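> Sequence:
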Amino acid sequence: MRFWIYLSSLVCITAAAFSKSPHIVFVLLDDMGYGDIGAFNPDSKIKTPRMDELAAEGKIFTDAHAPGPLCHMSRYGLLTGRYPFRTDVSVWRNTPLIDEDQVTIASLLKSRGYSTSMVGKWHLGFHEGEDYTTPLHGGPVDRGFDSFFGIRASTDIPPYFYIRGREAVAPPTDRIEARGTDGWTRIQGEFIRAGGIAPDLKLEDVLPRFTDEAIQVIESYKSGTTCCENPLMLYLAYPAPHTPWLPSEEYAGKSKVPLYGDFMMMVDAEIGRVLDTIESAGMEEDTLFILTSDNGPVWYPSDIERYGHDSVGGLRGMKSDAWEGGHRMPLILRWPAVIAGGSTSDQLVTFTDFLATFADLTHAALPEQAGPDSFSFIHEITGDRSKTTPVRQSAVMSSGSRGLMMIRTGDWKFIDGQGSGGFSERLRGDKDAGNEPDGQLYNLKEDLAESNNLFLQNPEKVDQLRREMKTIVNSPKSRFN
77 MRFWIYLSSL VCITAAAFSK SPHIVFVLLD DMGYGDIGAF NPDSKIKTPR
127 MDELAAEGKI FTDAHAPGPL CHMSRYGLLT GRYPFRTDVS VWRNTPLIDE
177 DQVTIASLLK SRGYSTSMVG KWHLGFHEGE DYTTPLHGGP VDRGFDSFFG
227 IRASTDIPPY FYIRGREAVA PPTDRIEARG TDGWTRIQGE FIRAGGIAPD
277 LKLEDVLPRF TDEAIQVIES YKSGTTCCEN PLMLYLAYPA PHTPWLPSEE
327 YAGKSKVPLY GDFMMMVDAE IGRVLDTIES AGMEEDTLFI LTSDNGPVWY
377 PSDIERYGHD SVGGLRGMKS DAWEGGHRMP LILRWPAVIA GGSTSDQLVT
427 FTDFLATFAD LTHAALPEQA GPDSFSFIHE ITGDRSKTTP VRQSAVMSSG
477 SRGLMMIRTG DWKFIDGQGS GGFSERLRGD KDAGNEPDGQ LYNLKEDLAE
527 SNNLFLQNPE KVDQLRREMK TIVNSPKSRF N
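The sequence shown begins at 77 in my numbering and counts up one residue at a time.
Keep in mind the hints are simulated off the structure, nothing from the lab.
Just so you know, these numbers come straight off a predicted model, no measurement behind them.
Even for Gly, the Cβ is constructed at its ideal location relative to N, Cα and C.
Please note that a few of the clues may not be correct.
Distance ranges between label pairs, derived from CB positions [as the list claims (entries may be wrong)]:
(1) Arg382 / Glu512: 23 to 33 Å
(2) Leu532 / Gly459: 34 to 44 Å
(3) Asp460 / Asn529: 35 to 45 Å
(4) Thr547 / Asp422: 17 to 27 Å
(5) Leu532 / Glu295: 55 to 65 Å
(6) Glu253 / Glu444: 43 to 53 Å
(7) Leu532 / Asp258: 39 to 49 Å
(8) Asp281 / Asp222: 19 to 29 Å
(9) His213 / Asp539: 20 to 30 Å
(10) Glu305 / Glu206: 37 to 47 Å
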């Protein structure tokens, strides 16, 4: 059934739009690289048929970026439309990162009549008690979601237990010991940290359990009384292929990239289960399905040499880095009734832009303080925007490990310091620091691999970008309309 979307006077939507807002299913993967999906990297050694199919049926974004190259940074920017360097993301372990009155994509959509559900990894903090027998406040159901089933953080960060709403399904009264996998670094393979675990939770079951819960959300919505009145928004935040890499028996040893590739194949199949459910429910045409990852992978140059698989698809760096491999993410949008299959966008977008985009999609006016770093790319969805008109003029972020600031403007990227500022520092050390310039400047159109530092050759461009970056960092917002 076709819908017409009526948007504000600032957004001109063509006759291909809809009278009712679409269902939104947002699937966020964890630590998947730009080069893992075949649709983004034809040389990928991992089979991802369902994600490739999704890309063929929708639009891929080749210049999409996480707002920060670590899990909690990225998720904060996605949900709030605010750059994560504007808050102290380090307090997530016992304090909610999102303020009580802060607009989120969930609270925005809920105000527009959506039924909002979240399943999966939160990683944005709760007010946590000592024994997890009291309610956990400040989480998803206090920040715009009608329902939540998930975990507090990653499946390698204890304590490990399921949460439904504000309540621990079972407190983490048991204990699990640390483990790893021979042949991989400490933070790869089956890596987990020791700590408390709930008796009802097995780490290898978390991924399929979240798919089961997501399917139940869709099926319950379809059979409920509101399915024809209120659209559904489901945020499915898988904690995979983040460590521990725990492929089920069906996928163990089945890929050309041992363990990691096996786990990725399982992730692809779990996404397929969600897609099949949407189709069975008759919701496919009317659903905006979004797939991306929160940040880059933990995948070293030695791993590329060993397995012939480049998880970042020719980019430089990995998770936590200011280099492209840390934050340039595969992004796929499918909406069969609106988006032409097999289409591509090379627009610069970041996850902070989803808040303003959803506002335009649902004819909502963002409050003045909401989404301070969010720019709508609604026309990239509807096909009305000229390819020569940029969605945003610039993007600014901080690296994950060392707070190294960077700005991207047009084809140019400036990093205000040496090195990656992230996990790649472990490889680099300080041995080359004395011979390097004080900053980095790359022309990504000519050098996407960031192999040719033009810092010394272009002092005027460096000064220009440094000034622009400082202006944005020192201002409370980068969006002024």
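> Looking at the structure, which of the earlier hints fail to hold?
9
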